[in-house]
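Protein chains: 2
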Amino acid sequence: MTREPVTIVTYDWVPDFPRGYVRDIRARWACEEAGIPYRTETVPLMDRTQDHLAMQPFHQVPILKDGDLTLFESGAMVLHLAKDSPALMPDDDTLRTHVTEWSFAALNSIEPPITGWIFGGKFKKNEKAGEDFGGWMHQRLDQLDAYLADKEWIVGDRFTAADIILTEVLRPARDEGALDRHPTTKAYVERATARPAFQRAHQAQMDHWTEADRKRAAKT
Amino acid sequence: MTREPVTIVTYDWVPDFPRGYVRDIRARWACEEAGIPYRTETVPLMDRTQDHLAMQPFHQVPILKDGDLTLFESGAMVLHLAKDSPALMPDDDTLRTHVTEWSFAALNSIEPPITGWIFGGKFKKNEKAGEDFGGWMHQRLDQLDAYLADKEWIVGDRFTAADIILTEVLRPARDEGALDRHPTTKAYVERATARPAFQRAHQAQMDHWTEADRKRAAKT
Numbered sequence: 007m008t009r010e011p012v013t014i015v016t017y018d019w020v021p022d023f024p025r026g027y028v029r030d031i032r033a034r035w036a037c038e039e040a041g042i043p044y045r046t047e048t049v050p051l052m053d054r055t056q057d058h059l060a061m062q063p064f065h066q067v068p069i070l071k072d073g074d075l076t077l078f079e080s081g082a083m084v085l086h087l088a089k090d091s092p093a094l095m096p097d098d099d100t101l102r103t104h105v106t107e108w109s110f111a112a113l114n115s116i117e118p119p120i121t122g123w124i125f126g127g128k129f130k131k132n133e134k135a136g137e138d139f140g141g142w143m144h145q146r147l148d149q150l151d152a153y154l155a156d157k158e159w160i161v162g163d164r165f166t167a168a169d170i171i172l173t174e175v176l177r178p179a180r181d182e183g184a185l186d187r188h189p190t191t192k193a194y195v196e197r198a199t200a201r202p203a204f205q206r207a208h209q210a211q212m213d214h215w216t217e218a219d220r221k222r223a224a225k226t
Numbered sequence: 007m008t009r010e011p012v013t014i015v016t017y018d019w020v021p022d023f024p025r026g027y028v029r030d031i032r033a034r035w036a037c038e039e040a041g042i043p044y045r046t047e048t049v050p051l052m053d054r055t056q057d058h059l060a061m062q063p064f065h066q067v068p069i070l071k072d073g074d075l076t077l078f079e080s081g082a083m084v085l086h087l088a089k090d091s092p093a094l095m096p097d098d099d100t101l102r103t104h105v106t107e108w109s110f111a112a113l114n115s116i117e118p119p120i121t122g123w124i125f126g127g128k129f130k131k132n133e134k135a136g137e138d139f140g141g142w143m144h145q146r147l148d149q150l151d152a153y154l155a156d157k158e159w160i161v162g163d164r165f166t167a168a169d170i171i172l173t174e175v176l177r178p179a180r181d182e183g184a185l186d187r188h189p190t191t192k193a194y195v196e197r198a199t200a201r202p203a204f205q206r207a208h209q210a211q212m213d214h215w216t217e218a219d220r221k222r223a224a225k226t
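So the protein lines, in turn, are chains A and B.
To convert, note that position 137 of the first sequence is 143 in my numbering; the numbers rise steadily by one, no gaps.
To convert, note that position 22 of the second sequence is 28 in my numbering; the numbers rise steadily by one, no gaps.
None of these hints come from the bench; they were simulated from the model.
It is possible that part of the hints are untrue.
The calculated DSS-like cross-link candidates involving lysine-lysine, where the alpha carbons are at most 25 Å apart (straight line), are [to be verified]:
1. B:Lys-157 with A:Lys-130
2. B:Lys-157 with A:Lys-134
3. B:Lys-131 with A:Lys-128
4. A:Lys-134 with B:Lys-131
5. B:Lys-157 with B:Lys-131
6. B:Lys-157 with A:Lys-131
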């Protein structure tokens, strides 16, 4: 079955620090794993438009267009791409439900303390917030480390959509050193990001910013 | 079709401040809307057990048991209960995808700044964290206010599972006064919590704690 390409909407340009982390990588990675062809479109980062707001009520990216469907929220996007993709989603109904469960767990049980630690502590240079959210984050990561002890992937002994979401939630924490005391979780992130599909998605995003720099330079 | 009752697992007791907010209310509310019979079981709050950890890797509640399926994460739980319940989920595939989208939006775009404001600011008495997360929270709530301007419910002109999740994410913010400058969102929460199914779910949770107090008093 040939699938029509989907469109992933991302920013026209971003500064250096979010490069490699902009959440369009989640949709790119899902497409790469599932063999779904995709193209990209851009919305301006600096002067955000009403057209952009009409697609994404929080004025963010990514946005996915798939035929008549326009979708925001990277978690929903990855599950949508996974729905009919055996590479990302088991057949079994119970396992499918656990893929949804772990997608929510990544985004609502694990990411909030990581975001608090990075945004409230590091980005806002608030030492006490760093300690408060850090304590919560390390508790959750200890629990995740224990859960992952005998597992290669998070659901059902195979790579699924939930691994994309969980890895992406953990990757900024790893890159800030927070996984150094959670070796099992760190090894899990290394395993996931070593996959060729992740590597291609990451490279594609980095190439997009290189091209964005080139276009910017050509204008000035 | 008669449905077998599901089991909602919650704590055996909690102190006063989380009463009415423990996330089992999300599953109770979904059951009440959908007409799904449920019973409750408890796990100890104070001396958390290995049996509890085996069901919920972060040692929290709620947990849902539905036949052979044991499920954690209230977002996944509400979507699971909604899947075959016309009262909570439209038939149309595109609308179903938007219900998932807004469930993730509530839990990952709206809740993290609210949690940061409440946990990092109020609970940890950190004024700067309150301001930092408060600024982010009010930006998101302004955007939500604009989005809700012409809507009764968040997806497709009808009440869905996404309204349960979104309302529950917003309710602590409303009760801490954060919605006073977001009147459309505040009215949305009032509309949702006025529903008889919410009222029954809330009362059932509060009755559970009253009974827990009674059992505690009888022991001592």
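Now for the hints, and whether the structure bears them out:
1. B:Lys-157 with A:Lys-130: 35 Å, violated
2. B:Lys-157 with A:Lys-134: Between Lys-157 (chain B) and Lys-134 (chain A) the Cα gap is close to 40 Å, so the pair fails against 25 Å, i.e. violated.
3. B:Lys-131 with A:Lys-128: 18 Å, holds
4. A:Lys-134 with B:Lys-131: 10 Å, holds
5. B:Lys-157 with B:Lys-131: Distance of about 36 Å is beyond 25 Å: violated.
6. B:Lys-157 with A:Lys-131: Given pair Lys-157 (chain B), Lys-131 (chain A) is violated - Cα atoms ~39 Å apart, limit 25 Å.
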